[in-house]
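Trainee: Chains as they are written, first to last, in our numbering: chain A, 43 to 379; chain B, 142 to 334; chain C, -7 to 209; chain D, 821 to 1051; chain E, 26 to 470.
Keep in mind that the hints were calculated from the coordinates and are not lab data.
For clarity, every value in this text was computed on a predicted model and none was experimentally measured.
It is possible that some hints are incorrect.
[As the list claims (entries may be wrong)] Derived BS3-like pairs (lysine-lysine); straight-line CA-CA distance at most 30 Å:
(1) E:Lys55 - E:Lys327
(2) D:Lys955 - B:Lys268
(3) E:Lys55 - E:Lys328
(4) B:Lys177 - B:Lys236
(5) D:Lys966 - B:Lys268
(6) B:Lys177 - E:Lys465
Okay, here's what each chain looks like letter by letter:
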Amino acid sequence: MSERGRTLEIHTSPHLASGASVDDIMRNVVLALLPVAAFAIYSFGLAAALVLAVAVLSCVATEHLLCRLVAAPTTLRDWSVTITGLLYGLTLPPALPLWMVAGGGIIGVAMGKFLFGGLGYNAFNPALVGRAFLQAAFPVAMTSWSPAFAADRFSQLPASTLTLPFAAPVYDGASGATPLSLFKFDGQLTATPDLLLGLTNGSAGETCAVLIMAGGLYLAARRMLNWRIPVAVLASVALLGWGLHQLAPAEYPPPGFMLCSGGLMLGAVYMATDMVASPITNAGCVVYGALIGLLVTVIRLWGGMPEGVMYAILLANAVSPHIDGLVRPRVFGTRRA
Amino acid sequence: MNNDSLWTIFLNASLVNNFVLAYFLGICPFLGVSGKLGTATRMGGAVCFVMLVSSVCAYGIHRLLVAIDAPYLQLISYIVVIASTVQLVEMFIKKISPALFRALGIFLPLITTNCAILALALFQTNKGYDLLQSVVFALGAGSGFTLALILMAGIREKLELATVPDVVQGTALTLMIAGILSLAFMGFAGVGA
Amino acid sequence: MPGSEQPVIRASSTDDFIKGLWRENPVFVQVLGMCPVLAVTNSGINALAMGLATTFVLVLSNALVSMLRHFIPRQVRIATFILIIATFVTVVDYLIQAISLDLHRALGAFISLIVVNCLILGRAEAFASKHSVGRSILDGLGMGLGFTLALLCLGGVREILGSGSLFGVALFPAGFQPWIVMILPSGGFFTLGLWLLLFNHLKRRRLAQGLVREVAS
Amino acid sequence: MPADRSQSPPASWPLYRALVGVGVVCGLLIVSVFVLTGPVIARNEAAALQQAVFRVLPGAVAKASLALGEDGHFRPAAADDAAHQMVHAGYDANGELVGVAIEAQGMGYQDVIRLLYGYAPQAQAIVGMQVLASKETPGLGDKIEKDPAFNANFRALAVPLSADGLAPRQPIEAVKSGTKTRPSQIDGITGATISSKAVAAILRQSSTRWVPVVYRLQAELAQQGGPDAGQ
Amino acid sequence: MFSALRQRRSFAHGIHPPQAKDDTRDLPIKQFPFAPVMIVPLQQHIGKPAVAVVREGQEVERGELIAEPDGFMSVAMHAPASGLIQRLALAPAINGRMAPAIYLKPFPGSSQEVSDGAPCDLASASAEEILLAIQRAGIVGLGGAAFPTHVKLKVPVDKHIDTLIINGVECEPYLTTDHRVMLEQQPDIFTGIRYLLKVTGAGRAIIGVEANKLDVAAALRAALPADLPVAVEVLAVKYPQGAEKMLIRALLGREVPSGGLPSDVAVVTVNVATTAEIGRLLPHGRGIQERVITIGGPAIRKKGNYRIPIGTPLRFALEYAGMEPNLSRVFLGGPMMGQALPSLDIPITKGTSGFIAFTERQTAAPVEYPCIHCAYCVDACPLFLNPSQLGLLARVGEVERMADEYNLLDCFECGSCSYVCPAHIPLVQRFRAAKGLVRKRRAAP
């Protein structure tokens, strides 16, 4: 019946696997981001669509070419670089010149990911590395916001979008201040419902807090992001914001505004939760999230810039190896008497 | 005379204008001893300590040089004093706490050629800080240096387990990471104001 | 003794000079003196001034150290070297101030910080204290110019991208968008990192070619 | 330097000889260079200062550096007067007081901003401003140095005094670009709000301290610009 | 996340692999036929191999002693069938090497009556005597570990045992032997518990079962003798609850110290099948000559629970149970901790709790990705280790750091981390190799 000499596969235990896999997780993150991206295109029109497309393409192409360069098999199939590209695109001002979008994407993937050894080893969130580079390189372009829901957004591109490579963009017509810059420089508060629904100006994907939270809930329910990170980030921002607002209501905005304005939602849900660059233990994630919240509050309220989410996350990324080193799980059977 | 508040001085020296990441001071030890967290922490501690001591010394020397009207001796006396301070500190620690000496010993001579120390002395003179301000400035600069060193050490330890492409291994990679850290530290701009 | 050294000098004098420029370039190969390399290279002119100032100090301190090498006991050599270097740095500091206040302001404290540039102390210790005055001067000149070259490599790239000009001369038409990050601290780190990457790459390729040749022969 | 060598201790004479010898050589070198370059540097510095003073006080062709003495009166500045006690009075070709140039500094976006501004007591206005040192973001914050529109703010920035002459009536403040309504407001720079606000804050602080003094003592200042003008 | 909200007790972390017990849980234990030739390895337990006391060509009776224990860390062997000792020779073992074994050819047509030995009377025997009887009966941990039971029961003089835990958890997927034993051999189990209580001096016993065996719990409770201080506890279904440390934590809330034994927290745990064997064999002075195993998995046609003679060659067993033609892997034990077999020529031993066969389709090896620090493994590890970091360290060969900083040696290879790993990193395999290296290096000087 059974032929002799038949070779059996040898594999050590366990011989079962849960079936989850890295590309599953990554694909689901992309999925959860799609509504956010759709809203970005809906509110900012063609320009946002182009920015997102160029962002994703530049990241994907960079990853592919770098893999070719070191003669490694391409890693596009794990979808991680697609997330990077999408997230990166969502953090950009919608009217950013496309050549800058591509430049930041290349830098983000090459310096933020490839340099560190690729997927699984990046110490910083690659999308934010790209964005931080752009912010430092082109501060004016990165803080020139086009207004949301412009009437001609689907028929007309802003002049800045198609600026020639290496040329400075020229901005035409109305520019829209973000809720945070309105608050910081003019003392104007935007209503929280507007912030929740995304009826404001800002980076392509940061405006609609509701959609971002929905995507986050989906991923958290599927255990594809650690819910403790966004919860800790938001809780610490809310707590600090609330305390300061109580102390000096005129000077500091209410916690609702702090939570829903700027890139905090997008950052807390999708950027801070980058599994690779965040701590591994649950307790560590809480510390990490609280640190981000603290830094965001400090930079927003006392720093020079209206927004600090990107910097806060990058800084916390740098701290996360230490959080891992300090907040270790107590190994079973080593309870101190 | 300078009327910056102590808090401003501290934040500015440690975060906003971090000695390593914004002024490129102390890059040699930054590149050299940021490979392991343990050594990085000890080096940071040693630098903080020496900075404090030499800041006080430099303040005294500056007063002396002003008194005898010999500004041209500033650099030469600072460097000599720093070098001998390090020596004295080394001997002192050796006598007081051999354990601490074993931990810090090998770093102390390195600190002599750490430009951050000399720069600290020169900056505090240029800015016209008084004694208390100088001490706070030294504390800020030292903790900023230590912070940068520790952050870098954490990342580099993590990278030891990574598959970093061969060609970027070593100083090139460390510099790139320092660049990203420097980008991240830009977030602190204006915090001390 | 000088007589016997004469032919040696001739044979290697070019080498003393050349090696610092490329093969033992203090920045790209030996990775020394990083602080000024990064700090003052946000423009070509600053880089050049810093490089020349360092060369000046390097040549003179090498010369003096070499001159005094039989006079200085081992025990106090480092102290005297530092003294000598600090002297020349003070000298160059005043000279630059006399030449241009603006330049002095641009270079800031980094002129004074030449004192702690490990390159200079390193050459005094490793070369000048063991070789004749002539060779020491050549060595200092070579190393200094190599250092200057490296600074220019960085300063050039950073100024071209960061300000759209080189030595203050605009290179691009008016619409150019400067990459401001390049003249910021992080740009310094990135540029130097990329240069080192390039050198790593060249070194590895040379090694690989050498291996191929060895195998072939 | 290492004190404890286990080998036979070297004779100390060569050590002293070397250290003292080198010290003497070095000292000679430094002092001679200092003596040679000192006057040149002083001349350069004076020229630079004068140039800056003339730039912030249009029409001035001579200047006098004055210090506010303990007695509440101006006297010619001495070498050891601290910068924050000094003003530089500028005079036109006829020897008339144009105004005073005052140095001020404060925290900017990145680091301390140092600037020099000219105040004309007759016009009760700031008539010029120049940034002496700043580390503001290139291309953005550093527009406070170069931006022509921003600099135009300081050709006539009113600092009217209150009735008692003890404090400015309207404090200097920066407003969003294009929204200037009062002559004591500064039109900010788009995208560099912090830096423009910092400049305004520095001017506000300094003017609050100096303007009443200068206004009160303008007669005294006018006299100081006598024959020694242009020192 | 929600398991903590449930009523039933358990331990922290752990995983929920598919149970896959439905196919065999309700099938009563059937007697397995005798193979034409049986292979009885002399080492079926952890410790020193037994010493054969038979000659080639000798006739033995079923249950007769054929090998004596060699020292304390060793147990006896008994003839699985009445027959002829063909030869004493090497036979393939599960680790791929050859090991000494006794080849026994059963007499066809023999009645196969089991011969009795000297009984061990519960009432009169001392603890020492019971221990000796257990060793003479060749009893080892039947849960799969095959650790000599008498060694485990030998309580160190400075320790006191208050609780005896009978491990009826059987958390490995597919396996249902303990399930059937608990349903069909309750008197044996209770007898066994009496012996064990006497040996250990424990005041009470707890039988732990998982909530997927509610029928067992009910039956055991119903049959519980009134004079026996035994409780039946139902635990939440979770893997690896059958591991001693986890079971003790789940039942009593006590943590066995790192590197320690259950006796450090005043507990002894014994597998329920082992307990049943003690109760079945000791009163008759018999030795183990057969055991209950589950034969299951998608590649098996006649799945079931069988009482199988020790020494039955696997090939014979598979052929009897019927296998699919595209069978690609066979695991001895369950799929989580069991071993994959290099060949089918090895015999069933005392430690074999079952074998599971899979076809190619179900075992295609997935692609390995780099670790993305998803922390699934950290949340799964029942010992609160950091498998992610351990895996990264293992990749670069930092085994000493793994042991010193990350408690590598605590890992008992339950496989939870590998099971959940979305990057499909063979974590357990790497840890096993690293542990080997560490032990070797530490033993060297």
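Trainee: State for each hint whether it applies.
Mentor: Now the hints, each set against the structure:
1. E:Lys55 - E:Lys327: holds, 12 Å
2. D:Lys955 - B:Lys268: Measuring from Cα to Cα gives roughly 14 Å; hence the hint holds.
3. E:Lys55 - E:Lys328: With Cα atoms ~11 Å apart, Lys55 of chain E and Lys328 of chain E stay inside 30 Å; holds.
4. B:Lys177 - B:Lys236: It holds: about 27 Å lies between the C-alpha atoms, which stays within 30 Å.
5. D:Lys966 - B:Lys268: At roughly 25 Å apart (the allowed maximum being 30 Å), Lys268 of chain B and Lys966 of chain D satisfy the hint.
6. B:Lys177 - E:Lys465: holds, 28 Å
Hint compliance for this structure: every hint is met.
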